[in-house]
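Residue numbers (this note's numbering), protein chains in the order written: chain A, 10 to 150; chain B, -1 to 161.
Among the hints, a few may not be true.
Reference listing, derived: stretches of chain A covered by chain B, where coverage requires no fewer than 3 residues with Cβ under 8 angstroms from a Cβ of chain B [stated by the list, open to error]:
hint, segment
1, 21 to 31
2, 88 to 95
Here are the computed lysine-lysine pairs in the DSS-like style, where the Cα-Cα straight-line distance is at most 27 angstroms [unchecked claim]:
hint, chain 1, residue 1, chain 2, residue 2
3, A, 81, B, 94
4, B, 157, A, 29
5, B, 94, A, 118
6, B, 156, A, 20
7, A, 81, A, 57
8, B, 94, A, 29
9, B, 94, A, 20
Keep in mind the hints are simulated off the structure, nothing from the lab.
It should be emphasised that the depicted structure is a prediction, and the values quoted were computed from it without experimental measurement.
A virtual CB, placed ideally from N, CA and C, is assigned to each residue, including glycine.
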Amino acid sequence: MNSSNQEKRPKLFSYYRQSKPFLRADILLLAVLLTAAVLAAVFSYTGKPLGERAEIYIGGELVGTYDLNQNKEIVYEIGITVHIHDGEIAVTESDCPDQLCVHMGAISKTGDRIICAPNKFVVVIRGENNDYGAITGRRQS
Amino acid sequence: MIAYTAITLSAALIIGVIESLLPPVIPALPFLRLGLSNIVLIFALVALGAAPAFTIAFLKSVLVPLLVGNPIMIAYSLPAALLSLGATALLVYTRKFGLPTVSTVASLVHNMVQLCVAALMTGTALVFGYAPYLIFTGTLTGLAVGFAAYLILRFFPKKLLEN
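Next comes chain B alone, as it looks inside the complex:
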């Protein structure tokens, strides 16, 4: 299990670093991200379990900002990643919701936590003016990311997880 966790963590790190090197999707809103590493986190939660998933989320949120050379990012990424994974876990364990919906909720939680951190850091509620943009884009990317996670779980070779 430690080996699986490590391999999945490295996948999350690679995606996280690549994503932060990509140019912003919307140039006027450069803080918007696709949230691709959530594919890995949903996979980890469903295929490996809660403890590996939270370990990966924690290490990824600390390591990606360090690898990219922007340690302030940890203040945003860590609380957002843990809380959104918490929301994911709650919904996944009910077994009532499909992964695209779960991922959409996770992406919205992630965005709102980051806005709260930004509000604390700047000392003003003005940051919440970005909420409409984040809700709209977060819903679209959340659905896409969740569908990708669904496809990966659906077609993941079972043999690889059988030992």
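If we strip away everything but chain A, and leave its shape as in the complex, we get:
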């Protein structure tokens, strides 16, 4: 087993070199992880209905609710511009360094959201009957 005698090198190295990629105890843990992954995938990819309106939060506070069936540009002084167009909403400009919110493009389905963490800015799409409110646990209206 211990083919190495170097005191500096942990024996872990030889152990994991000689073991198989999957060990017996993996079966249980992997079963749990893969089940969670499959459930998550099913949950993420089941068709969600198109949303009705967008809620905008800044710093956790609801600052506006907009009907998606209009064309509108809203500029926030924190450095964000959003565009509502044909039932979709997108962050079109942001002064944050990573631009993740801009790259996320337009969203339109109930429960979809765009988050700009540096600006503490969140857009969530809501449907008619707020099916997805329970998931976030933060319904405010």
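Chain B: place on chain A using the hints.
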């Protein structure tokens, strides 16, 4: 050992910088990453030991955001990297789990810590709506990354670590 740590750190930095320059895997979810530098961290933990691995994780999480020019990233990368390496270390020391499984757990811990940081930063639990996507992709990339780490350890020339 310091030299080994430094060389491994530089590998982690290179992978981290390259990964942040790559276009996102899924364009609609641009924050998803492959977590390739975890290959280096698992290697460091198993081949070099806990102290070098945590040193590398700490320095990498601070230096990659600075190199990329996005210091806010440190708030996400540092707690996530240290806690996920902590989970990795716990599982690795039991010697009961294979590296792909260990890496999957690490990737899930990493993702959940980042979601918690995002929730704190935005002041809303709405960010947890991304959890299903992160659990699904984290499991896939975690398995792949862990298998890569397994192969590297398996075929790493022993001579290089014998001095």
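These are the hints, each one checked on the structure:
1. 21 to 31: holds (count 9)
2. 88 to 95: violated (count 0)
3. 81/A with 94/B: It is violated: about 57 angstroms lies between the C-alpha atoms, which goes past 27 angstroms.
4. 157/B with 29/A: Judged against 27 angstroms, a Cα distance of about 22 angstroms means the pair holds.
5. 94/B with 118/A: Roughly 43 angstroms between the alpha carbons, so the hint for residue 94/B and residue 118/A is violated.
6. 156/B with 20/A: Holds - the C-alpha atoms of residue 20/A and residue 156/B are around 13 angstroms apart, at most 27 angstroms.
7. 81/A with 57/A: With a Cα-Cα distance of about 24 angstroms, the restraint between residue 81/A and residue 57/A holds, given a limit of 27 angstroms.
8. 94/B with 29/A: 11 angstroms, holds
9. 94/B with 20/A: 15 angstroms, holds
Hint violations for this structure: numbers 2, 3, 5, all remaining hints satisfied.
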